[in-house]
Amino acid sequence: MSVLVGKDTRLVVTGLTGREGTFHALNNRNYGTDVVAGVTPGKRGQDVEGIPVFDTVHAAVAETGANTAMIFVPPRFAADSILEALDAGIELVVAITEGIPAHDELRVYTQLKRTPGARLVGPNCPGILSPGKANVGIIPASFFKEGNVGVVSRSGTLTYQIGNELAQRGFGNSSIVGIGGDPVPGSSFIDIIELFEQDPQTELIVMSGEIGGSAEEEAAEYIAANVTKPVVGYIAGFTAPPGKTMGHAGAIVSGTAGTAKAKAEALEAKGVRVGRTPTETAEIAMEILSA
Amino acid sequence: MSVLVGKDTRLVVTGLTGREGTFHALNNRNYGTDVVAGVTPGKRGQDVEGIPVFDTVHAAVAETGANTAMIFVPPRFAADSILEALDAGIELVVAITEGIPAHDELRVYTQLKRTPGARLVGPNCPGILSPGKANVGIIPASFFKEGNVGVVSRSGTLTYQIGNELAQRGFGNSSIVGIGGDPVPGSSFIDIIELFEQDPQTELIVMSGEIGGSAEEEAAEYIAANVTKPVVGYIAGFTAPPGKTMGHAGAIVSGTAGTAKAKAEALEAKGVRVGRTPTETAEIAMEILSA
Amino acid sequence: MDLLEYQGKQLFARHGIPVPSGKPASTVADAVAAADEIGYPCVVKAQVLIGGRGKAGGVKLAKDRAEAEQYATDILGMDIKGFTVHEVWIEAASDIASEYYASIVFDRAAKAPLVMFSTKGGMDIEAVAEETPEALVRIHVDPLLGFQDFHGRRLAFEAGVDADVVRPVGALLSKLYDAFVAEEAMLVEVNPLIVTGDRDVKALDAKVTLDGNSLYRHPDNAGLRNPSQEDEQEQMAHERGLTYVKLDGDIGILGNGAGLVMSTLDVVAQAGGSPANFLDAGGGSKADAIVSAVEVILSDTKVRAVLFNIFGGITRCDEVAKGLIEAFDVVKPTVPFVVRLDGTNDVAGRQLLADASLPNVHTEATMLGAAQKVVELAAAHGAAA
Amino acid sequence: MDLLEYQGKQLFARHGIPVPSGKPASTVADAVAAADEIGYPCVVKAQVLIGGRGKAGGVKLAKDRAEAEQYATDILGMDIKGFTVHEVWIEAASDIASEYYASIVFDRAAKAPLVMFSTKGGMDIEAVAEETPEALVRIHVDPLLGFQDFHGRRLAFEAGVDADVVRPVGALLSKLYDAFVAEEAMLVEVNPLIVTGDRDVKALDAKVTLDGNSLYRHPDNAGLRNPSQEDEQEQMAHERGLTYVKLDGDIGILGNGAGLVMSTLDVVAQAGGSPANFLDAGGGSKADAIVSAVEVILSDTKVRAVLFNIFGGITRCDEVAKGLIEAFDVVKPTVPFVVRLDGTNDVAGRQLLADASLPNVHTEATMLGAAQKVVELAAAHGAAA
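Protein chains in written order, with the numbering used here: chain A, 1 to 291; chain B, 1001 to 1291; chain C, 2001 to 2385; chain D, 3001 to 3385.
Worth flagging that the hints you see were computed from the coordinates, not collected in a lab. Just so it is clear, CB atoms sit at the ideal spot from N, CA and C, and this is done for glycine as well. Some clues are possibly wrong.
Within a straight-line C-alpha distance of at most 20 Å, the following computed EDC-like cross-link-like pairs (lysine to aspartate or glutamate) qualify [claimed, not checked]:
no. : chain 1 : residue 1 : chain 2 : residue 2
1   : A       : K43       : C       : D2142
2   : D       : K3111     : A       : E20
3   : B       : K1043     : D       : D3149
4   : A       : K113      : C       : D2142
5   : B       : K1043     : D       : D3162
6   : D       : K3286     : A       : E20
7   : B       : K1043     : D       : E3158
8   : D       : K3175     : B       : D1080
9   : B       : K1043     : D       : D3142
10  : A       : K43       : C       : D2164
11  : C       : K2175     : A       : D80
12  : D       : K3111     : A       : E221
13  : C       : K2111     : B       : D1080
14  : D       : K3111     : A       : D191
15  : C       : K2111     : B       : E1221
16  : C       : K2111     : B       : D1047
17  : D       : K3202     : D       : D3095
18  : D       : K3111     : A       : E218
19  : C       : K2373     : B       : E1194
20  : B       : K1113     : D       : D3164
In silico negatives: residues of chain C with every beta carbon more than 10 Å from chain B [unchecked claim]:
no. : residue
21  : K2175
22  : D2211
23  : G2257
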């Protein structure tokens, strides 16, 4: 088992015919993901190395039975593309696009919550990798192998760093989920931790957070109340100065709220061990799994 | 038992200090309804014969525990007043106001469907009477007595006519629900029939429809699939010419869809007996209940 | 409230929807002046609230001034299916490459705006919907989310528009939706929506129905009412704030509440009578409203008897009785009246009527009895007249 | 992106929010001309992106021309908490009866706009929130439903505004919400929102933060950027499209991905070092972006060593290596570099670096090892310098 993406994933890629869309869609297919369709308005009838292209997500769903959409269009078209996928009945939308306007994200999120059975991961995220099964997004899959550690992270490259440290210690992953660093992520830590808790393959959960917002604090509460599996935390941004946006639109500290220290303490107060570096985080995970 | 309103109703009246609002709120209280508050912006601290007035529905709910709101404000303020009541956590909103713009009703309805646990009856309806328990609205209660017939109707006075014909034959009512004749009613026949089906006091359901829309046809399908109690139908408007709005904004026939004949046939096809006049409708009900 | 084509186009233009330039005119001289200003060829179009103008000769292409004058003369005053042409719209002729169809209706059943689009424009859309339903693409729009770019793409692609106009068609549909919401329309229809030889997309016709309940928010639109298009009695009723619909029969009907009035019409018809009108005196009717109502009913000279069917809720029966007594004093009707009063203050109302002993007014205890009585009286009065 | 007060007021005015009339000026002569035009008394206000102007002497009431000239002279060029005053705003003096507070923030946690209102305006709102939290009314607005009239009434009544201004306050809040949504703001704040002696309601201050990601939709706003307010390195980075934040230390940091860069800063700090900056080269960085990034990092003269920490996903390590080699050619750095390359094409990247044998470039296999190495080198280089 794995979470969100796996052998049942039937992927449609919006923006397939763009340079990045083509590159990563083919990468995903080469990994074993069932990439069934692409969408580029006006390019119906074309194909990208055998992947058929449609004008609309609705047509792609009707013709190919796609159940998962990867959004690869530029920021100014991304909100519309996500809404289109939701409207077309897609169950899981994975939005890679970075730089979507915040108010667009707000509208998309509010609409998502009115769409029964739909889930959004991202935007501004590296996607989801279920090693050995499917890769939807831009996570470099060759660094990861199948195993029992579920990873959920706001950051892309930091996810690779932590996953890699685990891999170097011999551990594999059930799924690696990048929820993205934007102000309004479609899925929260809690949403993904809930899935890992239910997933039989996952035996330990690594949660990698960062400064800004209160998602980590909320996750701490949730973990204490609902999660039976061990959770190891990591928080980036101990040295970040207040009031500055640190790259991720979500990574901004106002006053004492949202600091790395406050987040780590909130997690530790609920019994979640928190590593101070990616290396230490991997070591704690190893210690728990080897016990 | 009864449906929607009864001994647990705690009523707040928006527009209480207006002439009509005062008159009917006091009427309702005299009948036994627990009228706990009124709302008129700027009149906090006043009272109407002992009913305290608040500036906002939120304040009324906080101070009095109101769970039902009756909307008596003029059409241009009505949509806002309904939305305010929904936002304040009111469970049942009964909107008497006639002449609310259709697009306002559309926004209100869409918001209603996003508000868990909330119900709207009306607008442009006479309200709900549960004889012997509570009256919320403008139904002349003295013509009705407690009993086992549930009545649901798009029309106000026609409801009185049918209820009166039943009363003259010795039958009382569990509840009488006017859902209103507007293009976008908050509750449909189906919503109310579902409640009557669950209500132990109700042994027979009278459904009084009229030309326009497809609510009666939808109810016919629902009744066949879900209702065990006998249902008697009545449809007004057999002589209405197509394309004309007959008073109720919803009562307009386009082509052959929405005619009284089509509606009566749809009900009869599903085993619902339909009276051709209010008198005949009451006679059918009497026949069934006496059998 | 229905708008004339040119009123609809002016409304469209306010929302950025491309329409051909034009001018309205109600005299031949104004029409020719407008045509001169717009240039030739131009189109002279009858402005009436009914379809089928073209077949009736109400739309003509004028090559020059002489033709414009001729056509304006022919069309102004023309009768089209019972509607007199009071105005023409003089419009620059368009170079039509394709004709599409677009509309947005307030869909009561779905409780959402329904956007429809087809590449089979310029013809009877109901026939298209019946014969080739797949050619009419239908999409509901969530009222809170609103019209999104993807809705426009879906409509255009699924209908099969030419690839080069997918964007402008989507943009026009988006603006049409804006207009539908901002103006609180119940219907906006464009048939045909054209693509010109230069690949411009334009609304060549406009059919707009506005929500009368929202006109207070749109004072400009409220001023567009075309009273000349209403029936004389309906216009009179409208001015007095009454809900009145003219019918073909000879029995005047007044009741309170739309459902009860509709039911009364049915019961009268079942009793063998033929209603002359629908008149809902509404909730809480006061005496003066009753006087107005009687005036409207009796202004229809076909009426041979009148039925009052009142079940008082907000409406108080004593007020209705007072109104009727006053109406007899003012209007002095010559036809018989049948009155049935039940509900709030019914005893007092009946007593007032009994005390007034109006000539030729019959009271009945039940709706059914009242209907039978009025049918009988109408027949007798008809025979006598 | 933060706006100056007067830019915020001009934005407010576009949405119908009442603001006092005024003019911006960047010279004393222009300021005096503006004051003459506006009339006396008027207020001379320093335009800087930092609070506490008043206490710093940046806001003065001028009774006449002489005072206006004196204050403009004093304030232009003044340093307020490290910000130089380049512009003043000359504004008509207001007759203040009451001072309220209003703001709308993009609340990430609630995923909805949060509207806040208080009658305790004109002071530090954070102190109000802390000392008398009940005085600050907070309401979230559903993004799809939008701001309704009842929201305005609740805010005004619950905060306890004077009864006669409940409506105008509600109307102003509604327009403020319109502005927040239409301009895609992350924050709009009015402190104080005043009631004048004539009972007019006006925004006397304006603090607006816009969403940089949406500026392409708002070309007018995009032109408002105040580059003079940015740090020199940050301005340089911004022009090159890099995400750069200046810090106080001496170790330059470059990584790919915000989370990894933040983590790198932490690990360097833990190793005893002090980062000079945050620089996210972003996904898919090409060689020329790396050259730009090195230029920006080294333009900070405090930098004594640089750490490259790359875990390639979209970013290809060979591209990073090429960029670094090119940067050495162009910039010829004198400080030591530590490079850690992992991920996509890491073997090729490391090989390129090895082949280039750049002076003073050290490669490390792990993030932790690289952090320790750069701290050591920075200390040594500092001692040598």
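Okay, the hints, checked on the actual structure:
no. : hint              : verdict
1   : A:K43 - C:D2142   : violated, 28 Å
2   : D:K3111 - A:E20   : violated, 30 Å
3   : B:K1043 - D:D3149 : holds, 17 Å
4   : A:K113 - C:D2142  : holds, 14 Å
5   : B:K1043 - D:D3162 : holds, 13 Å
6   : D:K3286 - A:E20   : holds, 14 Å
7   : B:K1043 - D:E3158 : holds, 13 Å
8   : D:K3175 - B:D1080 : holds, 17 Å
9   : B:K1043 - D:D3142 : violated, 28 Å
10  : A:K43 - C:D2164   : holds, 12 Å
11  : C:K2175 - A:D80   : holds, 17 Å
12  : D:K3111 - A:E221  : holds, 19 Å
13  : C:K2111 - B:D1080 : holds, 19 Å
14  : D:K3111 - A:D191  : holds, 15 Å
15  : C:K2111 - B:E1221 : holds, 19 Å
16  : C:K2111 - B:D1047 : violated, 39 Å
17  : D:K3202 - D:D3095 : holds, 11 Å
18  : D:K3111 - A:E218  : holds, 14 Å
19  : C:K2373 - B:E1194 : violated, 40 Å
20  : B:K1113 - D:D3164 : violated, 36 Å
21  : K2175             : holds, 17 Å
22  : D2211             : violated, 5 Å
23  : G2257             : violated, 3 Å
In this structure, the earlier hints numbered 1, 2, 9, 16, 19, 20, 22, 23 are contradicted, and the remaining ones agree with it.
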